[in-house]
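Spelled out from the first residue to the last, the chains are:
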Amino acid sequence: GQNIDQPTEMTATEGAIVQINCTYQTSGFNGLFWYQQHAGEAPTFLSYNVLDGLEEKGRFSSFLSRSKGYSYLLLKELQMKDSASYLCALWGGGGNKLTFGTGTQLKVEL
Amino acid sequence: GAVVSQHPSWVICKSGTSVKIECRSLDFQATTMFWYRQFPKQSLMLMATSNEGSKATYEQGVEKDKFLINHASLTLSTLTVTSAHPEDSSFYICSASRATGISGNTIYFGEGSWLTVV
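Going line by line, the protein sequences match chains X and A. Per my numbering, the first sequence starts with residue 26, numbered consecutively. Per my numbering, the second sequence starts with residue 277, numbered consecutively.
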């Protein structure tokens, strides 16, 4: 299996920085995605990491370490609208398919 | 605009009946489509991988005779929930894979379909 684990819930303050972790156990994969999802809506693409290291995209950055089986999504200058579910997902790893992690519900407070 | 369209957005059906959900890629040919189910406050659970012109590959624990998947063309995949029961009520969402050269694949999601079985 590909046990892809994330913290269930996180709370952070508007304007702050938050790091959402994703750990996985798999024999191999092509890349790792991060998505944002608001309730009842389709996931929205945030980032895609293939190689180890940090990918920066505005307020959002994502990091991957294949040797450690670990990724994180970093959100800076948090805004209230960032309150949502954040999902990491592995592409590949036993067939061409996208398998999601357990998801993290982020709540941004004043 | 949307590149993957899912229909219907909302559907209510009676217990014991069947309901079909369509997933269309609008401006590209999707050789592979994926079907997910999502219960409230949970993540997306992959149900099956749908390949054009061949049988779908189901994930462990997903009943292939209950969740019929057909991928008859390069732009359309359908999920039919047969003999639906209240526990099948969920958010069903499809996605389509589009090859994008050396960067790998781009994944597009449909808008999702809310199924309520009464």
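For the record, the hints were derived by calculation from the structure and aren't laboratory data. Honestly, I wouldn't trust all of these hints.
Said to hold, decoys possible - Footprint (simulated), chain X over chain A, 3 or more residues, beta carbon under 8 Å:
hint	segment
1	318-327
2	341-355
As the list claims (entries may be wrong) - Computed cross-link-like contacts, DSS-like style, restricted to lysine-lysine with a CA-CA straight-line distance of at most 30 Å:
hint	chain 1	residue 1	chain 2	residue 2
3	X	Lys122	A	Lys317
4	A	Lys296	X	Lys93
5	A	Lys317	A	Lys342
6	A	Lys296	A	Lys331
7	X	Lys93	A	Lys342
8	X	Lys93	X	Lys132
9	A	Lys317	X	Lys106
10	X	Lys82	A	Lys340
11	A	Lys340	A	Lys296
12	A	Lys290	A	Lys342
13	X	Lys106	A	Lys340
14	X	Lys132	A	Lys317
15	X	Lys101	A	Lys317
16	X	Lys106	A	Lys290
17	A	Lys331	A	Lys290
18	A	Lys317	X	Lys82
19	X	Lys82	X	Lys132
The model shown is predicted, which means the values in this text are computed figures rather than measured ones. Cβ atoms here follow ideal geometry from the backbone N, Cα and C, with glycine treated the same way.
Check your understanding: Looking back at the hints listed earlier, which ones does the structure fail to meet?
Key -> As far as the earlier hints go, 2, 4, 7, 10, 13 and 16 are violated by this structure, in ascending order.
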